[in-house]
Each structure stands twice: as structure tokens, then as C-alpha cells.
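Asker: Below are the chains, spelled out letter by letter.
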Amino acid sequence: MDGMMLDTASPGKSEMDEILTLEEMRERYPGEWVLIGCTELDPEMRIIRGRILAHSLDRDEIYRQIPLSLLVDDQIVALAVEYMGEVPEDVVVVL
Amino acid sequence: MSTRHYRLSSFPQRKLLLVRAAVGPERGIPIRLNLLLDTGARYTLLPVEIVRAVGCDIRSPLRRIPVMTAQGVIQAPIVEVPWFHCLGQRIEKWPVIAHTLPPESFVDGLLGMDFLTRFQVTILLDQARSAEIILRVPD
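So the protein sequences, as listed, match chains A and B. To convert, note that position 18 of the first sequence is 26 in our numbering; the numbers rise steadily by one, no gaps. To convert, note that position 108 of the second sequence is 519 in our numbering; the numbers rise steadily by one, no gaps.
Only chain B is shown next, with the shape it has when bound in the complex:
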């Protein structure tokens, strides 16, 4: 196992934690994302427009799952993006929820527990002045 440290960004006023990620098509340039680190989210969630841009067909999802939104419960599609990269880890064919958060969230999506539980993860918060995530990953 090797240990890797990553500094987390926070906003606004250091109340929420941000991670940068990228998602990409099989061929072509990737899209860089600002994701909210959300230990309350079971799945990683990316905008519909972005999963379409990397080649996913949301009309033919792997499956649909109920998602509670401000407008009520919707059946959101789960689709497999060609690749996803976050915290130094690249994962091929990664299933994500395709759902666009409102602009007022100021993030592109959520990094959920499906990603975090692939690794041994420690999140360090220093009275919210700084934040760091430590990943232990197999060599």
C-alpha cells in the first residue's frame, strides 16, 4: 500500500469541501470538474450535459435509481462514463448518476461514497481552516 496526501479546497468560508476531477471520452479531450466531497452521497453524480458530452446515452442507462431532489423524487439514470479521474486515481468505465444540480450549488456534481470506499480514506479537518484527504492505495 502507498499513502498519498491531497489538499482539499473549500468554499464558501471553508464550510464545504471541493475536489477536482476529470471525466473523458474514449478519444478526445476531458472535462475538468469541481465536485463536492459528499460522504452522504452513495454515488458520484455528474451533470447530464457532461456525461452526454463524453459519449453516454442517458436514454439507455445501466439502470435508474430514485433520487430525492428539491422537486421531489426522480428516477435518475446511472450511466458508465469511459473514464473518471480524481485524487490521482483513474477508473475506467465508472458508473455515475446523470443529474444536473441547480446552478446555485456552484459545483458540477458530487464525489460519493462509491469512489471513497474503493480506498482507505482519511479526511483531516483543522477546525475547517485547512482540509486534507489521505488515500491508501494498493501499489
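Next comes chain A alone, as it looks inside the complex:
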């Protein structure tokens, strides 16, 4: 795996406990894929703040970190996978 997976079982203050804005996430994990525990979304479902649950250069590794049992959390209102880099201008989606 290219990135560091955060140990969700770690007690005490850790990187995962920190609530960041999307801009702060982009500054901290440039060019990486992140699994975000969103703590705040706007009415159009844009991410305002959240906690980084995992990050990696490998998008599929992040997908695999999505828990199979999505339990209710006091703070997290949604999970999201986001890319923290610039999308190339010439991207074309062909199925």
C-alpha cells in the first residue's frame, strides 16, 4: 500500500481525531485519495468538514477500507472518497 492507514482503534488524540476542512485535507494529503468521515455537509452535499479515516495513493485501497458495516457514529454524517489532487484536463470517461 502506498499510503499510511490510520489505526481507527488507537486510543487518544491522533490524526484521525482531527476535524479538518476540505481545503486543509487538500494541503495535508496532496495527490492522494482519502476516505473522509464527513462531520458537516452543506445542503448540496459538499463536504465542509470531516475526519480523515484513511489515505493512500491507490484509490482502490481506499475503497477497500470502506467498512462493510456502516454503523451510526455520533459525529460522522456520511462517508466519502475524494481525490486531493488536480484532475487532469484531458480526462475522458469511457465505459
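Don't read these hints as lab results, they were simulated from the structure. It is possible that part of the hints are untrue.
Covered by chain A, per the in silico footprint, the following chain B stretches (three or more residues, Cβ under 8 Å) [said to hold, decoys possible]:
no., stretch
1, 507 to 521
2, 542 to 548
Over the 10 Å line for every Cβ pair with chain B, so calculated as not near, a few chain A residues [unchecked claim]:
no., residue
3, Met24
4, Arg36
5, Pro75
6, Glu90
Where is the CB? At the ideal position from N, CA and C, for every residue including glycine.
Position chain B against the provided structure of chain A, taking the given hints into account.
Answerer: Chain B alone, transformed into the frame defined by chain A:
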């Protein structure tokens, strides 16, 4: 009927249209998605890992349909997610194709015509500088 307007995001350089959506399990927190608005797609398509996370068993799909991919034709499963929310509309037990697009697509999946044709839909593009979708939905 009521009319609702939603601003669309676009990327990169305003060439493709993005909508935000959410899919969720019967109990638990939802997963928020970035979907490509694709009027060329018959069905909404979501990643395998995400439909599994909301409780779907892709080994027992409703049915399979042929999907053309870069690797050739595959038989992709159609599964029913517990609920799907997009453009202010929540739909219970929504059938979607379970297929993971390559990372280079930079989207989680596709919002297809199966969703759009449930409503009266108008897509407004202002020389690709801004984009808006208008839904007319029953009251």
C-alpha cells in the same frame, strides 16, 4: 408539479458534469458520491465496494447485463441498494449496476437515464461556464 433548480459542478475545465448523491444502508451512515451526469448511460452505476458496504450481495444480483468496458464486455450485476438520494430526490430500493470505474475517471460512478427519466428534466449549459439542472417533480 413543483420545479426545483440545482447547480451542477463541472470538471475538468467545465467539460463534464458532476452531481452529488448519497447511498445508504437500511441502518447506518450513508456514503456520499460524486457521479458523472451521463445521458448516454441507461443505468446508474456505483462501485462494487460501495454497494457491498450498504448491504448488497453482488453474488446474488437481480440480474446481470452486458456492459462494454475498456477490457471488453462484462456481465455486470444489477443490485438493489436500500436507498439512493440525488438532486433532492430519495428513492427506496433502487436498482443500480455494481461496477467500479477506473481511478482515472475521478468519479465514483454514473447517474444514468433510469434516474433522469423519472422526472421532467431540463439541463441548461451556458457555454459550459455554468450548468444547472431543473427537475419538475410531482407534489
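Asker: Say whether it holds or is violated: Met24/A keeps its Cβ farther than 10 Å from all Cβ of chain B.
Answerer: About 16 Å separates Met24/A from the closest Cβ of chain B, which puts it past 10 Å; holds.
Asker: How does the coverage statement for the stretch 542 to 548 of chain B fare against chain A, requiring three or more residues with Cβ below 8 Å from a Cβ of that chain?
Answerer: Since three or more residues must qualify, the claim that chain A covers the stretch 542 to 548 of chain B is violated, with 0 doing so at under 8 Å.
Asker: So is Arg36/A really clear of chain B, every C-beta pair being over 10 Å apart?
Answerer: holds (20 Å)
Asker: Would the least Cβ to Cβ distance between Pro75/A and chain B come out above 10 Å?
Answerer: About 7 Å separates Pro75/A from the closest Cβ of chain B, which leaves it inside 10 Å; violated.
Asker: Does Glu90/A clear chain B by more than 10 Å, comparing its Cβ with all Cβ atoms of that chain?
Answerer: Not fine: 8 Å to the nearest Cβ puts Glu90/A too close to chain B.
Asker: If you look at each residue in the stretch 507 to 521 of chain B, do at least three have a Cβ nearer than 8 Å to any Cβ of chain A?
Answerer: holds (count 9)
The structure shown violates the earlier hints numbered 2, 5, 6.
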